[in-house]
Amino acid sequence: MDDQTLIVKKKRGPKPTGIGAPVMVRLHPDLLEVLDRFIAESGPEITRPEALRTAFREWASDRGYFKLGE
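Everything in the sequence shown is counted per the numbering used here, starting at 164 for the first residue and increasing by one.
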């Protein structure tokens with residue numbers, strides 16, 4: 164009988180917090196390029212989802228939808 168090896172695939176990204184609703188979005192290449200530039204300027208440790216949350220949070224705050232820190 165052959166020995167079997169179990170290969171466990173690691174999941175990508177940080178562990179889910181259980182807070183919030185997932186929102187799936189496709190970005191065209193021009194917007195993805197801008198997002199990656201934003202990440203490069205913000206620091207390589209920031210993920211695309213976190214960069215999108217940061218940008219959206221700042222946009223919403225600038226327009227008065229909520230105050231940063233809420």
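Certain hints may be false.
Label pairs and their computed distance ranges (CB to CB) [to be verified]: (1) S205 to I182: 32 to 38 angstroms; (2) R226 to D193: 19 to 25 angstroms; (3) T168 to R216: 37 to 43 angstroms; (4) L195 to V171: 29 to 35 angstroms; (5) T168 to R200: 26 to 32 angstroms; (6) P212 to K172: 15 to 21 angstroms; (7) M187 to W222: 16 to 22 angstroms; (8) S224 to L195: 20 to 26 angstroms; (9) G227 to G183: 17 to 23 angstroms.
Worth flagging that the hints you see were computed from the coordinates, not collected in a lab. Just so it is clear, CB atoms sit at the ideal spot from N, CA and C, and this is done for glycine as well.
Do the hints match the structure? See the list:
no.: 1; hint: S205 to I182: 32 to 38 angstroms; result: violated (22 angstroms)
no.: 2; hint: R226 to D193: 19 to 25 angstroms; result: holds (23 angstroms)
no.: 3; hint: T168 to R216: 37 to 43 angstroms; result: holds (38 angstroms)
no.: 4; hint: L195 to V171: 29 to 35 angstroms; result: holds (30 angstroms)
no.: 5; hint: T168 to R200: 26 to 32 angstroms; result: violated (42 angstroms)
no.: 6; hint: P212 to K172: 15 to 21 angstroms; result: holds (20 angstroms)
no.: 7; hint: M187 to W222: 16 to 22 angstroms; result: holds (19 angstroms)
no.: 8; hint: S224 to L195: 20 to 26 angstroms; result: holds (24 angstroms)
no.: 9; hint: G227 to G183: 17 to 23 angstroms; result: holds (22 angstroms)
Checked against the numbered hints above, the structure violates hints 1 and 5; every other hint is satisfied.
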